[in-house]
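Take a look at the letters that make up each chain.
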Amino acid sequence: MLEVQGLRKMYGKNLAVDQVSFFVPDGQIGILLGPNGAGKSTIIKSIAGLLRYEGMIRIQGIPSRELEAKRIFGYVPEIPAMFEALTVREHITYIRMAYRSSITDGEVEELLARFDMTDKADKLGSELSKGMMQKVSILCALAVKPRVILFDEPMVGLDPQAIRELKAVILELREQGVTVLISTHMLEMVEELWDVMFVMERGRIKASLRKEDAGDRDLDDLFFEVTGGEKR
Amino acid sequence: MRALFYLTKRTLINRVKKAVRRPATYLYLALAVFYIVSILVAFGSLAVAGGIAYREGIVYVMTVWIYFLFCANFLSYAKLKGVIFRPGHAHFVFTAPVSSKLVLLHAASLNYLMALCGSLLFSVAAAVIFHVEPLRAVLLFVCSFVMETALETSLMVFLYSGEERFRWLIRLLRLVIFAMVGAVLAVIAWYFMSRGISGDAVVDFFRSPALKLLPVAGWEVSAVSLLVMGPDPWNVTGTVLFVLACGGLCLVAAKIRCTGAYYEDAAKFADDYAEIRRRSRKGENTIGFGRKKLKKVSLSGWGSGARAIFSRQMLEYKKERFFIFTGFTLAALVGAVVCIAFVGRPEEFPPRMVLMGIAVYMVFVGTGYMGKWGKELDLPYIFLIPESAARKLWYATCTEHLKALVDAVIFFVPVGIAWGTAPWQILSIILTYVALQANRLYIKVLGDSLLGNTLGITGKQFFLLGVQGGILGIGALACIPASLLINANLVFLIAPVYSMIITVLIAALTVPRFECMEQWE
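Protein chains in written order, with the working numbering: chain W, 1 to 232; chain P, 1 to 521.
The shape of chain P in the complex, shown without the other chains:
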């Protein structure tokens, strides 16, 4: 255990030493503080708006949290994916003479930290927003952190240690959890269908004794209710059951024999997680673990020279399950359905302006996401192809332009038609969107070539956001006065022309940098 403590201590010290030297750390810290305060403020305003800014309100909020956390934790631990290991663990820890149970308890330290933060946040919210007495809030923090951690850790040890011997039991429990979640959702649906959705119905639902007596998660809710509201027959029964469950699970965790059989899955998960982190740093899509299954396809009519880059990308996309369609395409589709079926034509603002606003917003939000383009720049054979940099840059980004066009058409054409926007205005919005999305790619090249590794990935992301934000801001400064003072329709002329000029300008700046791509490091 001493060795594992040493590992944690030195890792922490070295990380802190490295972090204090980076300006980005202070920015992150400020953002974290801002984020926490924002959560508390949002909590408060939601509680007031929902009419639950009184003591019992924290029980309702924690009920949702506890049910969600318990089901999510159980399912991830049952799949042996709830504890984050690193490839270094497989090399230096799994092979070391350290008890595999201790290895597990040590690796889960991040989980304890999360539990600590969650408990702290809820306790502060309880005292500040929900008017719970400070002493009860402290008690709530201690109990929820200690009991929650004890329960979660014991469950984790049981699921990781018993994965071979108790496979049948774990499968059964997983089924029970799914059945329980399904039953709760069905009851919620039935309840609100029969009573209608209203504040009173929601509060009555949360007061239902059934929610306090469902195994484990419900029992924990009982304990919270007992601490905040004082005793009633249901929460006392639930709390007793919760304490017994915690004690029993702790005993099982202490007694169960752990052979380290989980190392195989943990090592695989460590590799997958490292890959996810690597992709995430590059701004790629990181949903889903493991390797993707690719289709077996061929491509006829390969292009030559720089066109070969485009052909290769198309072949790669043909092998993908959803061709060039990504999460953004799905979001565009869902967004279109929501805007048409649920939101309806805006009344307060002109719909065409709302659509232009959505286009600009989508561009800004997607600035950091690079998709395959982020990976493309790592391929050295792009700059080895004997062609002009301009052609290579164009063909290397061609599929991304196509993807942006598809996403834009899927969202803006149906919504524009449904909201009664003129076709030329829809076309203008689509052109603006595609040009600005292209701009994002070229700024990325510019940022990578100018900054190299000096500011790190975070620095490059801020550069990207800063430049793109600046371009969008200047565009807005040009469009808004023109639309207000001269003619509103001028926006649909200025925006695409401005976007295309800026994009060509940035691309022109990028081409010479793309020429010496191999020297960026």
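If we strip away everything but chain W, and leave its shape as in the complex, we get:
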């Protein structure tokens, strides 16, 4: 489970996120929606421990800054940044060592194959295209075998096959009881994935909604209902 309570973040004098609270239970997929500049990435980065913030964030009940919380937490940032002199396989090995992950060699090979990265496993970080970097970033987060995983705009730069595979992986994670939080503004990409959604605007959560309460309305309808925009 992922629990955010009274999260507040300021950049200098600018308030980026103001008193944000939400909860995503085990085995559910939360979607963080909102226009550009709404504060989605700030929330994701705060949960990942990359920002100073006020408030409380818990991963499986453990404060997110604790090493125990980090050990069960996977993170896919919006812009992947590879180590230039490390190969794809070495990135995964590093993650396995850092997280003391229980993932087996066979499972790693399977993941590489699913994302069409087997033949690129020995390529250096500096030799990868943006899409490949995104795949490595996803592979590394999955290699953690996390209990909670965050995706910040995960589909950007991926080819259609990889997007399909990623969606399948996310649904499998849900089946395994993993808590997933996805930040995106590509509504059509997460249409069939979400269980609970949080719509953000100007640093605040404007609405949160469970899928069972949505009825027949699709994600587009719900989003524009909340934000007051118009669906075309």
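Read the hints as simulated data drawn from the structure, not as lab findings. Worth double-checking, as some hints may not be accurate.
[Claimed, not checked] From the derived model, a few chain W residues whose C-beta atoms are all more than 12 Å from chain P:
#: 1; residue: 3
#: 2; residue: 90
#: 3; residue: 218
[As the list claims (entries may be wrong)] So these bits of chain W aren't anywhere near chain P, every CB distance computed over 10 Å:
#: 4; residue: 70
#: 5; residue: 112
#: 6; residue: 156
#: 7; residue: 158
#: 8; residue: 161
#: 9; residue: 172
#: 10; residue: 175
#: 11; residue: 196
#: 12; residue: 220
[Said to hold, decoys possible] To be clear about the criterion: a stretch of chain P counts as covered by chain W if any three or more of its residues have a C-beta under 8 Å from a C-beta of chain W, and this derived list gives those stretches:
#: 13; region: 14-21
#: 14; region: 80-88
#: 15; region: 96-108
#: 16; region: 120-128
#: 17; region: 253-261
#: 18; region: 464-471
Computed from a prediction, not measured in an experiment: that's the story for all the values here. Using N, Cα and C, we set each Cβ at its ideal position, and we do this for glycine too.
Dock chain P against the given chain W, drawing on the hints supplied.
What follows is chain P alone, placed relative to chain W:
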């Protein structure tokens, strides 16, 4: 920690594997060896010239180094910019279940390496140049490296870990450091004003007990003095204080709680540093971190076609704080003041020849620096504009010619007048300078288009230096005999004509390459 070791080990192995395959590596290695030997030789000749080539001399040299290093390190660590992180750290290390203190200690490995090299260099210099016994030199190396690293690392851990809780203390310490540097500079100024600048005054200043007792940096100087010169009351007191300070800081570093709050600043610094490296590889100005503030301005009378490139560049420059004036302009201004006020009219060589020499030297030194031009070639819409390549090349480089002209006028006109050079000769020097600076831009285009990515950035830089150096060399071969055998004034005719012919020739070679710019990769 195992994971971080693995990260370092694999990075090192992969980098070495890649480096041994590149011919440039061997060139760099040779240059590094040459550089180190040159430093030692320069050290030696300076020590002899300054009359300090005896044992105590190394204490004076290290005093300057220690004070500089301590202040620079403290200020950069206090601003959380003393440890170099990469964007990969923010992605894969800051989020990993690794103690944030260990992350910090691991990331500072480059700093330890620098300390090792510094200590080694000083110890070798101590034995070879300053006649310190080998055993003392070894002891100096061990102590300066171990103690310096322990002190620096502890300070770093305290400043990075305590940046939230001890913000007031860190600010106070920063103020104290500034006050200390100010006080030391004021004392130096007062001392030399009252005693005059002489070798004896400098030596007396370095022997002053105050320099050995100022907190931390002075105490470290005491330890060095004790090791090299043997005990005296001041250096023993200072050394005891230094050991206590090291021990105390180590204890604080071990005990202080590090929550990883520094990750936010470190991640931002990593991005800024990556940007600086990217710009530096392209030969752009890399002074200053963070984003530049741009003014809000507009441009009337936009040009059409290829002229739009020039208009866009002018608009960009108008938004800059100093318009088209750069570090080179400042250097030209300062250089002009120095040449007029301090250097004066040369007596040994004809001033006009000295000025021509300076022009050629400035062109050669600035060969690798591309300024905005380096970035311009990355903009694909330049080759998409439906105009002839020649016009596009001209308008894309126009502002650079203008900048070269401004810099040249700022330096050569006042200095030329002050040194009594004839106006037509000043004009000739300026024309030569501007033409050769233009040449540099066109050689860059030629190099990029011919070499693509085959030789890397270093290869392209060497190509640029080689071609420009060759052109300058041939020019010198034409000018010098003519000036010696026929008439000295011929230089001021041959140089601009030759420069302009060569520049037009290189530009003519460049135009067809500029036509297919999008295919260079």
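Hints, verified against the model:
1. No Cβ of chain P comes within 12 Å of the Cβ of residue 3 of chain W; the nearest lies about 18 Å off, and the non-interface call holds.
2. Listed as a non-interface residue, residue 90 of chain W fails to keep its Cβ farther than 12 Å from every Cβ of chain P; the least gap is roughly 5 Å.
3. Every CB of chain P is more than 12 Å from the CB of residue 218 of chain W (nearest about 33 Å), matching its label as outside the interface.
4. Under the 10 Å C-beta cut-off, the non-interface status given to residue 70 of chain W relative to chain P is violated; the minimum distance is some 4 Å.
5. With a least CB separation of 17 Å from chain P, residue 112 of chain W remains clear of the 10 Å interface cut-off, as annotated.
6. No beta-carbon of chain P is positioned within 10 Å of the beta-carbon of residue 156 of chain W; the least distance is around 15 Å.
7. Taking the minimum C-beta to C-beta distance to chain P, about 17 Å, the non-interface status of residue 158 of chain W holds against the 10 Å cut.
8. Distance check on residue 161 of chain W: its Cβ is at least 24 Å (rounded) from any Cβ of chain P, clearing the 10 Å threshold; non-interface status holds.
9. The non-interface label for residue 172 of chain W is consistent with chain P: the shortest C-beta to C-beta separation is roughly 22 Å, beyond 10 Å.
10. Distance check for residue 175 of chain W against chain P: the nearest CB is about 25 Å away, which clears 10 Å, and the non-interface claim stands.
11. Under the 10 Å C-beta cut-off, the non-interface status given to residue 196 of chain W relative to chain P holds; the minimum distance is some 24 Å.
12. Consistency note on residue 220 of chain W: stated as away from chain P, and its beta-carbon is indeed over 10 Å from all of that chain's, at 32 Å minimum.
13. Requiring three or more residues with a Cβ within less than 8 Å of a Cβ of chain W, the coverage given for the region 14-21 of chain P holds, as 3 such residues are present.
14. For the region 80-88 of chain P, the assignment as covered by chain W holds, since 3 residues bring a beta-carbon within under 8 Å of that chain's beta-carbons and 3 suffice.
15. A count of 4 residues in the region 96-108 of chain P with a Cβ less than 8 Å from any Cβ of chain W is obtained; the coverage claim is therefore met, three being the minimum.
16. Requiring three or more residues with a Cβ within less than 8 Å of a Cβ of chain W, the coverage given for the region 120-128 of chain P is violated, as only 0 such residues are present.
17. Counting residues of the region 253-261 of chain P whose C-beta lies closer than 8 Å to any C-beta of chain W gives 3; at least three are required, and the coverage claim holds.
18. Coverage of the region 464-471 of chain P by chain W is violated. Counting CB-CB distances below 8 Å, 0 residues qualify, and the rule asks for three or more.
Comparing the model with each earlier hint shows violations of hints 2, 4, 16, 18; every other hint is respected.
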